[in-house]
Amino acid sequence: MLRPGIILLTTALFLISCQTQKGKKSASEFEVPDSVLLAETTTISEEAIDEIVQNVSSPVEMAALIKELGVPFSTKYLATTNYVDKYNTSYKMAYSLGVFGADLGYLNIYDKSTQVVDYLTAINKLADGIKVGQFFDFETLQRLSTSRENIDSLMFISVNSFNNMDAYLRENSRGHLSALMIAGTWIEGLYLVTQVASEKSNPELAERIGEQKVNLDNILLILNNYKQREQVTELIDLLNELKNEFDNVEITYEIGEPKTVEQNGMIMIVQNEKSVVNITDDQLNKIIIKTKQIRNKLISA
Amino acid sequence: MKHLILILFTALFTFPVYSQFGPGFVEQCAINSGKDATYLKDFQVILNAAQPEQIQPIARYPLVLSKNNIYRFSVCTPEDSPGKAILQLYDSNKLIFSSYNKDTGEEYNPFNFLCQKTGIYHVFISFMDGKEGHAVGILSYVTR
Numbered sequence: 000m001l002r003p004g005i006i007l008l009t010t011a012l013f014l015i016s017c018q019t020q021k022g023k024k025s026a027s028e029f030e031v032p033d034s035v036l037l038a039e040t041t042t043i044s045e046e047a048i049d050e051i052v053q054n055v056s057s058p059v060e061m062a063a064l065i066k067e068l069g070v071p072f073s074t075k076y077l078a079t080t081n082y083v084d085k086y087n088t089s090y091k092m093a094y095s096l097g098v099f100g101a102d103l104g105y106l107n108i109y110d111k112s113t114q115v116v117d118y119l120t121a122i123n124k125l126a127d128g129i130k131v132g133q134f135f136d137f138e139t140l141q142r143l144s145t146s147r148e149n150i151d152s153l154m155f156i157s158v159n160s161f162n163n164m165d166a167y168l169r170e171n172s173r174g175h176l177s178a179l180m181i182a183g184t185w186i187e188g189l190y191l192v193t194q195v196a197s198e199k200s201n202p203e204l205a206e207r208i209g210e211q212k213v214n215l216d217n218i219l220l221i222l223n224n225y226k227q228r229e230q231v232t233e234l235i236d237l238l239n240e241l242k243n244e245f246d247n248v249e250i251t252y253e254i255g256e257p258k259t260v261e262q263n264g265m266i267m268i269v270q271n272e273k274s275v276v277n278i279t280d281d282q283l284n285k286i287i288i289k290t291k292q293i294r295n296k297l298i299s300a
Numbered sequence: 000m001k002h003l004i005l006i007l008f009t010a011l012f013t014f015p016v017y018s019q020f021g022p023g024f025v026e027q028c029a030i031n032s033g034k035d036a037t038y039l040k041d042f043q044v045i046l047n048a049a050q051p052e053q054i055q056p057i058a059r060y061p062l063v064l065s066k067n068n069i070y071r072f073s074v075c076t077p078e079d080s081p082g083k084a085i086l087q088l089y090d091s092n093k094l095i096f097s098s099y100n101k102d103t104g105e106e107y108n109p110f111n112f113l114c115q116k117t118g119i120y121h122v123f124i125s126f127m128d129g130k131e132g133h134a135v136g137i138l139s140y141v142t143r
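Chains as they are written, first to last, in numbering that gives the first Met the number 0: chain A, 0 to 300; chain B, 0 to 143.
Just chain A, with the same shape it has in the complex (with noise of 0.2 angstroms):
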């Protein structure tokens, strides 16, 4: 009497599972070779943790900026996806994942559709690897990037994607994936935005480099939580040589009541209280050097 029932309720989980996995294959079948499950041993709560992650800006801001100041796509910013297959470490996997979220946010606001097919490939690749591939829909964003008119929709799923795996990760003791993920988004979008400044001499972007002091000490609080790994010591060793040549970047405060205004029909609040960055040519030469050294070493085979 009862065995129709289990098995109708065993098919129908079945069925579940296949569905949340996008029709791919399972995440068993990929090899993960470090321990990933293992508890995580944290010294900051999860709670804290979740809002430190929720201070680290977005790459895509960084991208806009660039853009918004006109200069032209270029595709020697981009990391290579040649060496995809060669990263074979969960740690590898992880980084890298941030590493071309960065590049898909820049391909994404230069609307070049040509070149984010082999991104999406890549972080396809990288995120069933670290068995997070269900949260990135590899089949719609490809068919979404054929057409400048999904451009709405690419973007929101890209990053929402992003936003979920982070999620996910956190969620089930593998906060050290996560916090690879970020750090490998932040550095490639330094990157990006240092490469830009070496080429044209602008205070904004002087000032958004300097301002990424706030977000170097945040990447930095993520990652000490997971110190006890090597691979992630060995970033946070990377990480710490770059803090040095922040710490001398000077942020100061200015007092000021907001305003609100109407524009377009929309009403804006325009801050008047005010953050400055004081950064001397030398210390942004040192940022942009060191930057490099890093991006370079990280996403090398």
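Quick caveat, the hints were computed from the structure, so don't treat them as lab data. Some hints could be false.
Here are the computed lysine to aspartate or glutamate pairs in the EDC-like style, where the Cα-Cα straight-line distance is at most 16 angstroms [to be verified]:
#1 B:K93 x A:E256
#2 B:K40 x A:D151
#3 A:K273 x A:E256
#4 A:K273 x B:E105
#5 A:K66 x B:D35
#6 A:K285 x A:E198
#7 B:K40 x A:D49
#8 B:K66 x A:E272
#9 A:K258 x B:D90
#10 B:K83 x B:E105
On the provided structure of chain A, position chain B as indicated by the hints.
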């Protein structure tokens, strides 16, 4: 065997709970922010009704905003939500703006924020009159 059935049954029928919003609702809300807006993140909120003599439930989200950027804040409340959502932007403990003015009853959804100070801000989402409800807040980057 009974335990197995119970586990399977529970797993099967609790699965849809993870989908709090209809398909595409968050995406549509993000796209409705405008052609000049690029989606950055969303804040999905589900809150219970306020109990008598208790503080109204509020969801709070930290976020970092960068100087010289214009951000757009919008909030979408599905039709089946008993309460209508209010989104407020805070800098430390100081309210910068609210999508709803309680005194005049006017709504400002979406609204833009020209940030002049890079730092940590907070988005608060609650529901009018302390009702229960669910809603999605969207943060977008506005192209100048």
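- Does D90 of chain B lie within 16 angstroms of K258 of chain A when you go C-alpha to C-alpha? holds, 14 angstroms
- Item | Hint consistency between K273 of chain A and E256 of chain A [alpha-carbon to alpha-carbon, up to 16 angstroms] | holds, 10 angstroms
- Given the hint that K40 of chain B pairs with D49 of chain A, does the C-alpha gap stay at or below 16 angstroms? holds, 14 angstroms
- Query: Between K83 of chain B and E105 of chain B, does the CA-CA distance stay at or below 16 angstroms?
  - Reply: holds, 13 angstroms
- Are the Cα positions of K66 of chain B and E272 of chain A separated by 16 angstroms at most? It holds: about 10 angstroms lies between the C-alpha atoms, which stays within 16 angstroms.
- Item | 16 angstroms limit on alpha-carbon distance, applied to hinted pair K273 of chain A and E105 of chain B | violated, 29 angstroms
- Query: Within a Cα-Cα threshold of 16 angstroms, do K285 of chain A and E198 of chain A meet the stated pairing?
  - Reply: holds, 14 angstroms
- Message: Check whether the Cα positions of K66 of chain A and D35 of chain B lie no farther apart than 16 angstroms.
- Response: holds, 14 angstroms
- Pair hint outcome, K93 of chain B versus E256 of chain A [Cα-Cα no greater than 16 angstroms]: Holds. K93 of chain B to E256 of chain A sits at ~11 angstroms (cutoff 16 angstroms).
- Message: Next pair to validate is K40 of chain B with D151 of chain A; report whether the Cα-Cα distance is within 16 angstroms.
- Response: Since the Cα atoms of K40 of chain B and D151 of chain A sit roughly 13 angstroms apart, the hinted pair holds (cutoff 16 angstroms).
This entry does not satisfy hint 4, going by the numbered hints stated previously; all others are met.
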